[in-house]
Amino acid sequence: MDLINQPLPWYIAGPLIAITMLSLLLVGKNFGMSSNLRTMCTALGADKTCDFFCFDWKGQRWNLLVMLGAVIGGFIAVNYLSGSNTPEINPEVINNLKVLGFESAGSNYLPLELFGTSVFSSVKGIFILLIGGILVGFGARYAGGCTSGHAISGLSNLQLPSLIAVIGFFIGGLVMVHLIFPLIF
Amino acid sequence: MKGIVYLVIGIFFGIVMLKSEAASWFRIYEMFQFKAFHMYGIIGSALALGVIFIQLIKRYKIKTFNGEQIHFTDKNKSVYRYLFGGIIFGLGWALAGACPGPMFTLLGAGFFPIIIVILGALLGTWFYGLLKNKLPH
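First to last, the sequence lines map onto chains A and B.
Under the working numbering, think of the first position of the first sequence as 1, with each following residue one higher.
Under the working numbering, think of the first position of the second sequence as 1001, with each following residue one higher.
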């Protein structure tokens, strides 16, 4: 019972993600979460603005259910499985973050500076989260997939385009963390 | 009725994302600092097993539970869209600390500011749709 309250080690989590992909393949679908963003845009009326959103979004209902499941999974993990315990990140990283002004590093699941409810009254905080989201949404569609579609599904199928995309993910991530973070935090 | 299957797969995935800490902004930051093996271990082991699964499906022509053929379509060959799109995605992934799966898991977990990230992701997707024909692919 105590095991359930422990974080999942990488060698359990990774295979469970592969099993998620396999399960979807075995029911005739593909693992890719960012497609849901396009589906939601269409459902919200974006099909009136350009062709890219003109498709039968109801055919993607299954993926919206996967997404809804991911929401419920988050609820279950936090409320019944001690899911929001503080990750044991590298002490050096905690120090780095404190220098940048993230006082909550090492004592929370997410940085309170960005994900505490006080962020709703911080223009800078809202701006950072909004820009982060825009880049994720834009980039995922431009690249034709995100971490699940390219890094897991695509690379598992040995797709060169997915390798290029994942290299791109890392270039972007490294530039953000090493070059842009010192400027904005 | 089949909807339940998708819902259950999603719940499973959501629990794994949160419990493995792959949904933690701190873990993503740590990954891009190369200061821990954790995230690389998750992606690497998922991939190692994923490659085996797909090879087995192809070699033994494993069918879906409904008896249909499992199709794998090759992604279109190009460099621009994957590289530029990938870089833009990576910038956002590091800044918001969440990719399109975990952002929904975090919503369920009660971290409500993630709503701003989700709203941004919808806007970003819409912007892409508007600009698609003007971008190099």
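Because the hints were derived from the structure by calculation, they are not lab data.
A virtual CB, placed ideally from N, CA and C, is assigned to each residue, including glycine.
Check before you lean on any hint, since a few could be wrong.
Quick list of the computed label-pair ranges, beta carbon to beta carbon [as the list claims (entries may be wrong)]: (1) A:59 to B:1119: 16 to 26 Å; (2) B:1076 to A:28: 17 to 27 Å; (3) B:1060 to A:118: 47 to 57 Å; (4) A:184 to B:1004: 37 to 47 Å; (5) A:123 to B:1035: 26 to 36 Å; (6) A:58 to B:1080: 26 to 36 Å; (7) B:1073 to A:56: 10 to 20 Å; (8) A:80 to B:1076: 36 to 46 Å; (9) A:82 to B:1041: 47 to 57 Å.
DSS-like mimics (lysine-lysine), calculated; alpha carbons at most 30 Å apart, straight line [what the hints assert, rightly or not]: (10) B:1035 to A:124; (11) B:1035 to B:1061; (12) B:1134 to A:48; (13) A:58 to B:1134; (14) A:29 to B:1002; (15) A:29 to B:1061; (16) B:1035 to A:29; (17) B:1035 to A:58; (18) B:1002 to A:58.
Hints, one by one, checked against the model:
{"no.": "1", "hint": "A:59 to B:1119: 16 to 26 Å", "in the structure": "25 Å, holds"}
{"no.": "2", "hint": "B:1076 to A:28: 17 to 27 Å", "in the structure": "22 Å, holds"}
{"no.": "3", "hint": "B:1060 to A:118: 47 to 57 Å", "in the structure": "55 Å, holds"}
{"no.": "4", "hint": "A:184 to B:1004: 37 to 47 Å", "in the structure": "44 Å, holds"}
{"no.": "5", "hint": "A:123 to B:1035: 26 to 36 Å", "in the structure": "31 Å, holds"}
{"no.": "6", "hint": "A:58 to B:1080: 26 to 36 Å", "in the structure": "32 Å, holds"}
{"no.": "7", "hint": "B:1073 to A:56: 10 to 20 Å", "in the structure": "18 Å, holds"}
{"no.": "8", "hint": "A:80 to B:1076: 36 to 46 Å", "in the structure": "43 Å, holds"}
{"no.": "9", "hint": "A:82 to B:1041: 47 to 57 Å", "in the structure": "21 Å, violated"}
{"no.": "10", "hint": "B:1035 to A:124", "in the structure": "27 Å, holds"}
{"no.": "11", "hint": "B:1035 to B:1061", "in the structure": "41 Å, violated"}
{"no.": "12", "hint": "B:1134 to A:48", "in the structure": "19 Å, holds"}
{"no.": "13", "hint": "A:58 to B:1134", "in the structure": "28 Å, holds"}
{"no.": "14", "hint": "A:29 to B:1002", "in the structure": "12 Å, holds"}
{"no.": "15", "hint": "A:29 to B:1061", "in the structure": "16 Å, holds"}
{"no.": "16", "hint": "B:1035 to A:29", "in the structure": "35 Å, violated"}
{"no.": "17", "hint": "B:1035 to A:58", "in the structure": "43 Å, violated"}
{"no.": "18", "hint": "B:1002 to A:58", "in the structure": "15 Å, holds"}
Violated hints for the displayed structure, listed by number in ascending order: 9, 11, 16, 17.
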